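Sequences listed follow chains A and B, in order. Going by our numbering, the first sequence opens with residue 1, and the numbers climb by one from there. Going by our numbering, the second sequence opens with residue 257, and the numbers climb by one from there.
These are computed hints drawn from the structure, not numbers from a lab. No experiment lies behind these values; they were computed from the predicted model shown. A portion of the hints provided could be inaccurate.
What the hints assert, rightly or not - One side of the interface only, derived from the structure: several residues of chain B facing chain A at Cβ under 10 angstroms:
no. : residue
1   : A259
2   : L269
3   : L271
4   : E282
5   : A299
6   : F313
We put the CB at the ideal spot given by N, CA and C, even for glycine.
Residue-level listing of the chains:
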Amino acid sequence: MSSGADMTDENPSPPSGRERLGETLKKPLSRGQVTAGVLLAVLGFAATVQVQEIGQSDVYSGQRQEDLIQLLNSLAAASQRTENEIAQLEQTRSSLRSDTDSRRAALEEAHRQADVLGILAGTLPAVGTGIVVTVEDSSGAVGTDQLLNGLEELRDAGAEAIEINDTVRVIAQTSLTDGLNGVIVDGVRLSPPYTIKAIGDSHTLAQALDFTGGFTDAIELPGIGGKVLVKELDNVEIATTRAPAPAEYAEPLQNE
Amino acid sequence: MIAGLGLLVGIILGLMLQPDVPLWLEPYLPIAVVAALDAVFGALRAFMDGIFDDKVFVVSFISNVLIAGLIVFLGDKLGVGGQLSTGVIVVLGIRIFSNVAAIRRHIFHA
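Isolated chain B (complex conformation) (with noise of 0.2 angstroms):
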C-alpha cells in the first residue's frame, strides 16, 4: 500500500518538477535505474516467500545502485564504457527476469 504510493509520489514528483539531470550523472541514472529496478523486483520475490527484511531490502537497493555505477564508472575509465553497461544491464535484466518468474508462480501458482 505505502509502497505503491510512493511509487506513485515519486512518479508524480518527477513529472511535475521536471529537474535537469547534472551531467556527472547522466552515464549512471539509466543504470542507476534499472538496479534499484532489480532490488525492487528481488524484494517483492523475498515478500512472496515471506523472508523480506526491510534492512536488507535499503541495503540491497543501495549497494546495487552504487555497484552499477562503480562499474560504469569504471568502465568509462577504462574506455569500455559502453560494452560494460551493456553487460551490467544483461545481468541485471536476467536477474528481474528470474525474480518476475517466482513472483509469477507465487501469484498465479504457474
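Okay, chain A solo, but in the shape it has when bound (with noise of 0.2 angstroms):
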C-alpha cells in the first residue's frame, strides 16, 4: 500500500492518523485533550463501578424476569414444604413432651401412693406427730382384750401407723393372743409394761383412749390395776417395718 507514488501524494496532505497520535502524545495541553481526558475520566470511573458493582452483587443480578420469579415460586414452595416439616415435628415433640409428662405425673402419683401404702401396710418407717402410750401392769393382768381394745380405739380416733415396744408393727393383719406373761403379737412374745406409739392426730389420739368407760379406764379398773401414761408428742417415730405380704388368694378386681 505504501508506494513511492503514495508518499510523494501525502507529503502536501495533511498528516496521517498515526502521525497526529505521535504529535498529540508529545503535545502536552489543548482544549481538546482537556475535553477528552474529563470525558475519559467519567468513562473510566463508571466502568470501573459498574465492574464492581457486578462483581459484588449476587448471581440473580443478571437473569431475566421469569427467570426469577420461577426462582421464587420454587423458593416459596420450598419454603412452605419446610414449614410443613417444622409444624410436623413441632407436633410430634409436643405430643412426645405431654406423653413425658403424664407419665412423669403418672409416676409422681404411684410414688405418693406407694408412699401412703407403705405406711398404711407397715412396710416404710414413719415419723410424724402422734402419742406414746405406756401401759404398766404389775399385776400381769393386761391381756389381749384391753389391748385390742385399745388398738382399736386408735385405729377409730386415725392412727396412720402403730408400733408395740419398738418390735411389732401393727398392721390390717396383726393377731394378738394371750400368752404367759404377757401377749403375743404377731408371732413376737412381748411382756408388759406395754408402750405404744401411734402416729395421727395427737390430741384426737389422745382424747379416745381417755373417756369413761374406755382404753384407760379399763386397765386401770380396780381389777387389774394398770396404769397408763399418755404422752403426746410432735415427733413420734415408729422404724419398725413388715416385709409385704402378697396376696395369695385376693386379687385386685379389673374394672378399668
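Now that you have both chains on their own, put them together as the hints suggest.
Right, here's the structure in full:
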C-alpha cells in the first residue's frame, strides 16, 4: 500500500492518523485534550464502578424477570414445605412432651400412693405427730382384750401407723394372743410394760383413749390394776417395718 | 496524553472510592458505559481522520449516554427492557467494531 507514489501524494496532504496521534502525545495541552480527558475520566470511573458492582452483586442480578419469578416461586414452595415439616415436627415434639409429662405425673402419683400404702401396710418407717402410751401392768392382768380395745380406739381416731414395744408394727393382719406373762403379737412375745406408739393427730388419739369406760379406764380398773401414761409428742418415730405380704388368694378386681 | 491520564484517574477514583451504584441507576449504568465507549472510539477515529472536534465529542458522548439510558428506560416501561438493552448493546458493539477497524487501518495501515 505504501508505495513511493503514495508517499509523494501524502506529503502536502494532512498528516496520517498515526502521525497525528504521535504529535498529540508529545504536545501536552489543548482544549480538545482536556475535554477528552474529562470525559474519559467519567467513562473510566463509571466502568470501574459497574465492574465492581457486578463483582459484588449476587448471581441473580443478570437474570430475566421470568426466571427470577420462577426461582421465587420454587423458593416459596420449598419454604412452604419446610414450614409444614417444622409444624409436623413441633406437633410430634409437643405430643412426646405431653406423653412424658403424663408419664411423669403418673409416676409421681404412683410414688405418692406407694408412700401412703407403704405406711398403711407397715412396709415403710414413719415419723410424725402422735402419742406414746405406756401401759404398766404389775399384776400381769392386762391382756389381749384391753390391748385390742386400745388399738381399735386408736384406729378409730385415725392413727396411721402403730407400733408396740418398738418391735411389732401393727397392721391390718395383726393378731393378738394371750401368752404367758404377756401377749403374743404376730408371733412375737411381748411382756409388760407395753409401749404403744401411734402416729396421727395427737390430741384426737389421746382423747380416744381417755374417756369413761375407755382404754385407760379399762386398764386402771381395780381388778386389773394397770397404769396408763399418755404422752402427746410432735415427733413420734416408728422404725419397725413389715415385709409386704403378697396376697395369696385375693386379686385386684380389674374394673378399668 | 491528557486523555489517557483522565482515563487512568477515573479508573483509580472508581477503585478507591468504590461507591455503591444507586438503585435507580443500576439498569442504565452498563448501557451508558457501552454507549460512552462507542463515543470514545468514534472520537478516536475522527481524530485519526483529522476531523476531530471537541465540541462534537462532548455532544456525542453525552447524547449517546442519554439516548442509551432513555431506550433502556422506555424498554423497561414497555416490558421489553431486556431485549431492548440487548439490541442497544448489539448496535453499539457493531459501531465500536467498525470504528476500531478504521482506527486499526490508520495505525497499522492494514
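So, going through the hints one by one against the coordinates:
no. : hint : in the structure
1   : A259 : holds, 4 angstroms
2   : L269 : holds, 5 angstroms
3   : L271 : holds, 6 angstroms
4   : E282 : holds, 7 angstroms
5   : A299 : holds, 7 angstroms
6   : F313 : holds, 6 angstroms
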